[in-house]
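**Student:** Take a look at the letters that make up each chain.
Number of protein chains: 2
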Amino acid sequence: MIRVVAKFEVKPEEVTNAMPLFEELVEATRKEDGCAQYVLAKAGEEGSFVVLEGWESKDALDVHSNSEHFTRLVPQLVSLCGSAPVIDSYIQVI
Amino acid sequence: MIRVVAKFEVKPEEVTNAMPLFEELVEATRKEDGCAQYVLAKAGEEGSFVVLEGWESKDALDVHSNSEHFTRLVPQLVSLCGSAPVIDSYIQVI
Numbered sequence: 091m092i093r094v095v096a097k098f099e100v101k102p103e104e105v106t107n108a109m110p111l112f113e114e115l116v117e118a119t120r121k122e123d124g125c126a127q128y129v130l131a132k133a134g135e136e137g138s139f140v141v142l143e144g145w146e147s148k149d150a151l152d153v154h155s156n157s158e159h160f161t162r163l164v165p166q167l168v169s170l171c172g173s174a175p176v177i178d179s180y181i182q183v184i
Numbered sequence: 091m092i093r094v095v096a097k098f099e100v101k102p103e104e105v106t107n108a109m110p111l112f113e114e115l116v117e118a119t120r121k122e123d124g125c126a127q128y129v130l131a132k133a134g135e136e137g138s139f140v141v142l143e144g145w146e147s148k149d150a151l152d153v154h155s156n157s158e159h160f161t162r163l164v165p166q167l168v169s170l171c172g173s174a175p176v177i178d179s180y181i182q183v184i
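Chain order of the listed sequences is R and V.
Just so we're aligned, residue 91 is where the first sequence starts under our numbering, counting upward by one.
Just so we're aligned, residue 91 is where the second sequence starts under our numbering, counting upward by one.
Hints listed in this document are in silico derivations from the structure and should not be mistaken for laboratory results.
It should be emphasised that the depicted structure is a prediction, and the values quoted were computed from it without experimental measurement.
Take the hints with a grain of salt, since some may be wrong.
Said to hold, decoys possible - Derived, one-sided and incomplete: chain V residues facing chain R with beta-carbon distance under 10 Å:
1) 91
2) 124
3) 127
4) 128
5) 134
6) 138
7) 147
8) 162
9) 163
10) 164
11) 168
12) 171
13) 172
What the hints assert, rightly or not - With a Cα cut of at most 25 Å, we get these calculated SDA-like pairs of lysine to any residue:
14) R:121 / R:108
15) R:132 / V:107
16) V:121 / V:107
17) V:132 / R:113
18) R:148 / R:103
19) V:148 / V:129
20) V:132 / R:108
21) V:97 / R:123
22) R:97 / R:112
23) V:132 / R:152
24) V:101 / V:163
25) V:148 / R:174
26) R:121 / R:149
27) R:121 / V:146
28) R:97 / V:163
29) V:97 / V:179
30) R:97 / V:121
31) R:132 / R:143
32) V:97 / R:121
33) V:101 / V:121
34) R:148 / V:96
35) V:121 / R:152
36) V:132 / R:174
37) V:148 / V:107
38) R:132 / V:101
39) R:132 / V:119
40) R:132 / V:184
Every residue, glycine too, gets a C-beta built ideally from N, C-alpha and C.
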């Protein structure tokens, strides 16, 4: 299992615009083959979000990264951020 | 749901010693009430680990933080790290 932690720092004034994009991304992604987990969570600071992902294979993650919804929505989300997303990926051990 | 991302930078030469501690911590924690997820994953760099946690309530997380296994094992794990763990917690939105 591949685990991805993707942090988005959305500008506080853009959070209202970002939410429907996150919702569409989460809904579409959870339907994808090999998607074991796709969760949006927020930190204490306004606009600080994390997407926590679980993928059953590298192939499944690659399909996701090239999907219509990802390639359409993520650039829009990034445009609402004050900095580039920080994306860390891991291999599940236990 | 509370989501926790806890990063541990174990010294490469201590990874062998850290693994049984992680294993015991994961096994005991997964039995706890309110523990929705407790996963150990590793990054590309040797010794770079993350624990991805899901807790159904703040109370459940507090019980965990004061549990016998946590209070015994986590200090031992930290002693094998080159720097303090970085712990981020989030509230699940979707």
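**Student:** Each hint needs a verdict: does it hold in this structure or not?
**Tutor:** Hint by hint, here is what the structure shows:
no.	hint	result
1	91	holds, 8 Å
2	124	violated, 17 Å
3	127	holds, 8 Å
4	128	holds, 9 Å
5	134	holds, 8 Å
6	138	holds, 8 Å
7	147	violated, 15 Å
8	162	violated, 18 Å
9	163	violated, 13 Å
10	164	violated, 15 Å
11	168	violated, 18 Å
12	171	violated, 16 Å
13	172	violated, 18 Å
14	R:121 / R:108	holds, 21 Å
15	R:132 / V:107	violated, 34 Å
16	V:121 / V:107	holds, 23 Å
17	V:132 / R:113	violated, 28 Å
18	R:148 / R:103	violated, 35 Å
19	V:148 / V:129	holds, 18 Å
20	V:132 / R:108	violated, 30 Å
21	V:97 / R:123	violated, 28 Å
22	R:97 / R:112	holds, 12 Å
23	V:132 / R:152	holds, 19 Å
24	V:101 / V:163	holds, 16 Å
25	V:148 / R:174	violated, 31 Å
26	R:121 / R:149	holds, 15 Å
27	R:121 / V:146	holds, 24 Å
28	R:97 / V:163	violated, 28 Å
29	V:97 / V:179	holds, 11 Å
30	R:97 / V:121	violated, 29 Å
31	R:132 / R:143	holds, 14 Å
32	V:97 / R:121	violated, 29 Å
33	V:101 / V:121	violated, 28 Å
34	R:148 / V:96	holds, 23 Å
35	V:121 / R:152	violated, 34 Å
36	V:132 / R:174	holds, 23 Å
37	V:148 / V:107	violated, 31 Å
38	R:132 / V:101	violated, 30 Å
39	R:132 / V:119	holds, 24 Å
40	R:132 / V:184	holds, 10 Å
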